[in-house]
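A.B. asks: As they're listed, the protein sequences go chains D and Z.
When we follow our numbering, the leftmost residue of the first sequence carries the number 1, and every step to the right adds one.
When we follow our numbering, the leftmost residue of the second sequence carries the number 1001, and every step to the right adds one.
Derived from the structure by calculation, the hints contain no laboratory data.
In this text the structure is predicted, and so the values were computed from the model without any measurement.
Careful, some of the hints might be misleading.
[As the list claims (entries may be wrong)] So the derived label-pair ranges between C-beta atoms look like this: (1) D/150 x Z/1506: 53 to 59 Å; (2) Z/1486 x D/156: 43 to 49 Å; (3) D/78 x Z/1366: 56 to 62 Å; (4) D/150 x Z/1486: 42 to 48 Å; (5) D/173 x Z/1546: 54 to 60 Å; (6) D/78 x Z/1037: 53 to 59 Å; (7) D/156 x Z/1362: 29 to 35 Å.
[Said to hold, decoys possible] Computed list of lysine-lysine pairs in BS3-like fashion (alpha-carbon distance at most 25 Å, straight line): (8) Z/1028 x Z/1003; (9) D/78 x Z/1028; (10) D/78 x D/94; (11) Z/1003 x D/94; (12) D/78 x D/51; (13) Z/1028 x D/94; (14) D/121 x D/110; (15) D/110 x D/94.
Even glycine gets a Cβ: it sits at the ideal position worked out from N, Cα and C.
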Amino acid sequence: MSSDTPELTPAFVLLLTEAQPRLFGFLLKRLGDLDQTHEVLQEVNVVLCNKAGDFEEGTDFMAWAFSVARFQLLAFRKRAIRDRLVFPDDLVSKIDELDSSVFNSSTEQKLRSALGGCIQKLPSEHRDLVIRRYAESVSVAALGADLGKSANAISITLHRIRQQLLQCIERQLSADAG
Amino acid sequence: MNKNDRAALQNLLRQLVDGGLTSDESEKLASLLSASDQARREYLNYIQLHTELTDRWGAPSGVVPIAGRVETKSQPAPVRAGSGHSWRPWAASVTTFFIGVLVASLWHANFGRDGSEIVAATSKSQSPDLSVASSGITSFVPKPPAPQPISDAAVVVRAEDIADATLVAGSRLKPGVLNLDRGTIQLEFLGGAMLAVKAPARLQIDSRNGGTLLLGRAIAHVPERARGFVLNAPSVSVVDLDTDFSLHVNEQGEAEVGVLRGELELSLQGKDDSAFVSRRLNTSDRIRVDEARGLFTEVAGEADQLMPKLVRGTSPLKVGQDYVETVLEDGAVLYWRFETMQTDEIPNIASPDFTGRVVNEGPPESRGVELVGHAQFQGCDFPRYIVTDRPLVDLNLGEYSIEFWMNPNDLRHASCVGIVPDLEGDDLAHLNVFEVVDDTFPIYQPGAIRFLHRNPPGKFIQQGLNLISPGFCTPSTWQHVVAVKRMDRIELYFDGALVKSAPLKGHHGDGSYHLIVGQLKPMPPWRQFGGGIDELAVYRRGLTSEEIRRHYDLVVDSY
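All chains should be built: construct the whole structure from the sequences, respecting the hints.
C.D. replies: Right under this line is the structure:
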């Protein structure tokens, strides 16, 4: 943060904080690489902080943040050497188009609501594992060490849980729609 | 998408969110997604779910920045084990500016030196700018600037007789080439492997999980969590399989590999750049690589005496009587100094109450916890910890402070100190917990300090307040940690300076609490801390920032 960076208000930082997971997901979908996603997310945050003075409280922060993320993504792809990019341009376009059409704020709200119910339906040991992975910030390697299993075994278990959740969400959304 | 492709896609999705893909796997993912609309839908659904789960829990709520810029006094050296004097570059005189715990741009916050302000969210790390060689003797020359590999890859743990004054304990290193013309440097790669390198040497740091020794002698210790660490030589690749090994590369680029413990996979790249000759080595094996003939030749005789020493373990923290008296004068109600282990009890020198009790549920001869002037913890597969003999009643009704010094063996995710409502209940129930965290989430830097305050204690994760520092923590270094719970906010101090703060609304309440040191809960043995803890004190009031600074100075000034 350079010395001419605007002073960040607590409200702005809270918005920026809360936006991190969604910005991360937005970028990961389009980059397909964790390290690159971290890198671009950092650049997005820099821009958002530097332009904090442009943001008016009460306007749609996420829409603004996504537009910045989209721009930074393009800038990253432009300067990155081709070998470093996971997805070719045409694939990114397809992913972007599909993502924008499937996941709008309305569907995300429904998805979130369904997810809450589906988590409650998980067996307690699976629910605890998800909580530890996502809420207690325990890596799969650390979970494995705690539970006497390999990181790969934990990852596979978490994958199965995610698949269960996706199936549950799909059923729930279908039932709601029907 | 056929059945095989779908299975492959699912496996790639799992790996992508749980750790990342290799370049081959990335290529496969791109191929699958390019070929099928259904694959793209599954891909988006999966990452959306991962995003929702992270959004639901992964972003600690309610944490706001310390308002504006916070002036800190000049910070003297932290105290490093093993030598009488050391300091970290980021602990130099700084004007700190922290935006907030969760803003990922702070991963790469750069702490200005010599009184300059912190520059957040640049491509620099908090380590010094290592691109400028000092005197041309020892230098750290980064790779070409674009593309920008900005993640830190390793941290300097020990630097002996190194000409470049910027290479000191605590320096974070990004991928690049480390040139040593003299001295010895010990690194911990952020993936967990430890490496000592002795000059003359050239080490190319490739990532948090690997590097290439271009010249010189190196000793590596790779714990289980870093299994798969790769150390290349010009003609050979050493893939670690949980082992300790040595590697010597001479001026001609010839390599010699020795296994001190465990096993490893040695691979020699063929002249057609695709064929490999591999060999599995076990303890005591010593092999010289003949690149020209594609041969591995066994080496007899004594081990190379010129190899550097990999220093592990914890030296005592130097604490004077003035520090002890100050802690007592400032009103500690519990003060454990861990002086000797004549019994399983640790006296509280602040009052007759709250004696510490060492619990070791392993075999009698096991040494999960030792009191050697500090409490020294080893990682075990059984519970071992220190706990109060009686609870602190109504600790959370008012203000309080918890203070200790810690010296971690490494940067694995570990619980140092916790405040728990009972010793047998819910596994996640904590009023407070101090942890060294890794970078499971993008919001954390490896080596960050986490302080959690959650009232009522329980599984309601969303109710907790987390304060998480930048990646300050350094292995084999004594570091001062204090958390203060005030009536309107919680604060986290590191090495005498306020690093994070958050407003507190409510979160007070009655109840009796035990102090537990060394792991998350009595059972099971989760998140065990390995290393030293010393001078643990609890106060039933909020220490002022001046008092905390003074405590820190009293120890640092003795070095």
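A.B. asks: For each hint, tell me whether it holds in the structure or not.
C.D. replies: Verification of the supplied hints:
Remark: the range hint 53 to 59 Å for residue 150 of chain D to residue 1506 of chain Z is contradicted by a beta-carbon distance near 42 Å. Separated by about 45 Å at the C-beta atoms, residue 1486 of chain Z and residue 156 of chain D satisfy the suggested range of 43 to 49 Å. Checking the proposed 56 to 62 Å range against residue 78 of chain D and residue 1366 of chain Z shows it holds: the Cβ atoms sit about 58 Å from each other. A hinted range of 42 to 48 Å holds for the C-beta pair residue 150 of chain D and residue 1486 of chain Z, which are about 43 Å apart.
Look at residue 173 of chain D against residue 1546 of chain Z: about 57 Å separates their beta carbons, and that is inside 54 to 60 Å. A hinted range of 53 to 59 Å for the beta carbons of residue 78 of chain D and residue 1037 of chain Z is inconsistent with their spacing of about 27 Å. Range check, residue 156 of chain D to residue 1362 of chain Z: Cβ separation about 30 Å, and the 29 to 35 Å hint holds. The suggested pairing of residue 1028 of chain Z with residue 1003 of chain Z holds, with an alpha-carbon distance near 15 Å, which does not exceed 25 Å.
Between the alpha carbons of residue 78 of chain D and residue 1028 of chain Z the distance comes to roughly 22 Å, so the proposed pair stays at or under 25 Å and holds. The suggested pairing of residue 78 of chain D with residue 94 of chain D holds, with an alpha-carbon distance near 18 Å, which does not exceed 25 Å. Simply put, residue 1003 of chain Z and residue 94 of chain D have alpha-carbon atoms about 23 Å apart, close enough for the 25 Å limit, and the pair holds. Taken as a hint, the residue 78 of chain D and residue 51 of chain D pair is honoured in the structure, with Cα atoms around 22 Å apart against an allowance of 25 Å.
About 17 Å separates the Cα atoms of residue 1028 of chain Z and residue 94 of chain D, which keeps this hinted pair within 25 Å; it holds. Our distance criterion of 25 Å between C-alpha atoms is met by residue 121 of chain D and residue 110 of chain D, whose separation comes to about 17 Å. Only pairs whose Cα atoms come within 25 Å are accepted, and residue 110 of chain D paired with residue 94 of chain D is accepted, the gap being roughly 24 Å.
Violated hints, in rising order: 1 and 6; the structure is consistent with all others.
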